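Chemist: Spelled out, the chains give:
2 protein chains.
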Amino acid sequence: MTTTDTTAEVDDSIRNGVDTRTLFATLDAVKQAPQAAMFQFRAHNQWVSGTHNRGTIDDYFGVGEERAHERSFVFDADHPAVLVGTDHGPTPAEFLLHALAACLTAGLANIAAARKVKLTEVRSTVTGDIDLNGILGLDPEVRNGYQQLTVHFTVKGDAPAEKLRELVEQSRARSAVYDVITNGVPVTIEVDTP
Amino acid sequence: MTTTDTTAEVDDSIRNGVDTRTLFATLDAVKQAPQAAMFQFRAHNQWVSGTHNRGTIDDYFGVGEERAHERSFVFDADHPAVLVGTDHGPTPAEFLLHALAACLTAGLANIAAARKVKLTEVRSTVTGDIDLNGILGLDPEVRNGYQQLTVHFTVKGDAPAEKLRELVEQSRARSAVYDVITNGVPVTIEVDTP
Numbered sequence: 001m002t003t004t005d006t007t008a009e010v011d012d013s014i015r016n017g018v019d020t021r022t023l024f025a026t027l028d029a030v031k032q033a034p035q036a037a038m039f040q041f042r043a044h045n046q047w048v049s050g051t052h053n054r055g056t057i058d059d060y061f062g063v064g065e066e067r068a069h070e071r072s073f074v075f076d077a078d079h080p081a082v083l084v085g086t087d088h089g090p091t092p093a094e095f096l097l098h099a100l101a102a103c104l105t106a107g108l109a110n111i112a113a114a115r116k117v118k119l120t121e122v123r124s125t126v127t128g129d130i131d132l133n134g135i136l137g138l139d140p141e142v143r144n145g146y147q148q149l150t151v152h153f154t155v156k157g158d159a160p161a162e163k164l165r166e167l168v169e170q171s172r173a174r175s176a177v178y179d180v181i182t183n184g185v186p187v188t189i190e191v192d193t194p
Numbered sequence: 195m196t197t198t199d200t201t202a203e204v205d206d207s208i209r210n211g212v213d214t215r216t217l218f219a220t221l222d223a224v225k226q227a228p229q230a231a232m233f234q235f236r237a238h239n240q241w242v243s244g245t246h247n248r249g250t251i252d253d254y255f256g257v258g259e260e261r262a263h264e265r266s267f268v269f270d271a272d273h274p275a276v277l278v279g280t281d282h283g284p285t286p287a288e289f290l291l292h293a294l295a296a297c298l299t300a301g302l303a304n305i306a307a308a309r310k311v312k313l314t315e316v317r318s319t320v321t322g323d324i325d326l327n328g329i330l331g332l333d334p335e336v337r338n339g340y341q342q343l344t345v346h347f348t349v350k351g352d353a354p355a356e357k358l359r360e361l362v363e364q365s366r367a368r369s370a371v372y373d374v375i376t377n378g379v380p381v382t383i384e385v386d387t388p
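Going line by line, the protein sequences match chains A and B. Using the working numbering, you'd call the opening residue of the first sequence number 1 and step up by one each time. Using the working numbering, you'd call the opening residue of the second sequence number 195 and step up by one each time.
Keep in mind that the hints were calculated from the coordinates and are not lab data. Small disclaimer: the values here were computed from a predicted structure and weren't measured. Quick reminder that beta carbons are idealized off the backbone N, C-alpha and C, glycines included.
Which bits of chain B does chain A cover? Going by a derived footprint, with three or more residues having C-beta under 8 Å, they are:
1) 217 to 226
2) 233 to 245
3) 263 to 276
4) 299 to 313
5) 319 to 329
6) 346 to 357
7) 379 to 388
Turn these sequences into a full structure, and let the hints guide you.
Modeler: The structure is reproduced here in structure tokens:
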């Protein structure tokens with residue numbers, strides 16, 4: 001094996017910015033030690049004023065120990081003026097749409113890499129239709145949340161259209177956020193009043 | 195009515211940073227024209243590399259017309275290195291937790307203002323337990339999404355503990371994000387492959 005061969009091999013293992021060798025090694029490691037896959041993610045939030053509040057995402061638990069992101073990520077949320085807020089950030093309901101697009105897109109890149117498809121462009125828009133008569137308490141027939149969500153993807157890569165669609169479908173079938181948003185998850189709320 | 199009286203009246207209508215006069219006026223306006231409450235929120239996303247992608251939140255539809263936030267909000271999402279990413283942002287699943295905390299907190303501030311409770315501090319942490327054997331495709335018995343979420347609030351204000359708990363409960367009962375996350379919503383995925 002020449003140096004050129006080695007370089008070619010390394011290049012081939014990195015596709016769509018995904019190091020597939022590390023990806024498959026991670027899968028093998030978790031197969032041997034399934035407990036490594038038990039994660040706890042967290043978001044912290046501090047109220048600022050009115051509908052304006054600030055979220056911080058930094059610490060999490062995974063692969064057997066407490067961990068931290070490389071830096072703290074801070075995100076303001078608010079309502080726009082038309083919803084009696086100060087527009088210092090997106091509405092919470094918009095962050096939900098962002099989470100869905102991000103999850104499907106990350107999965108798509110991983111799955112394409114594993115299946116040796118090179119992606120050149122992935123764009124998406126998630127739209128969510130919501131009737132605020134629900135949260136405003138004005139119509140008991142209307143739910144608080146979205147009536148429906150639509151994700152519209154544009155995907156380009158070195159594979160036929162049908163193959164690209166299959167990659168999106170597989171990403172959907174393995175998406176954590178899609179699962180929660182379509183199937184729901186139990187939520188417990190605890191309140192301290194010191 | 196003296197100037198002092200007028201000032202006192204104005205001050206009284208703004209509580210917790212919420213202009214309750216505008217809040218109640220908005221409620222009355224929507225009662226008269228329920229169609230104003232039909233909103234469509236949106237999130238746009240562009241893949242960067244690997245699990246790194248970038249979301250933009252700016253345009254939405256509401257109160258009968260296309261609107262835009264005061265500025266575009268841009269958020270990177272990624273996986274940490276331990277999940278074969280580059281940690282340029284939180285994971286999509288963490289954004290979901292942020293959305294839940296932000297929604298419950300915004301609602302709490304509004305509801306407290308409407309019920310004449312002055313809040314002095316609201317902090318929360320949302321934790322989500324997830325077994326990644328699901329999304330890794332290693333255990334068909336394990337779901338892709340969170341097993342369960344817990345929201346822990348610390349709430350201080352000028353009301354008894356029981357009243358503060360009631361405010362959180364009412365916020366839960368009227369939260370768009372809580373509704374979607376606990377009950378689910380149908381998601382349609384469309385794919386263009388130009």
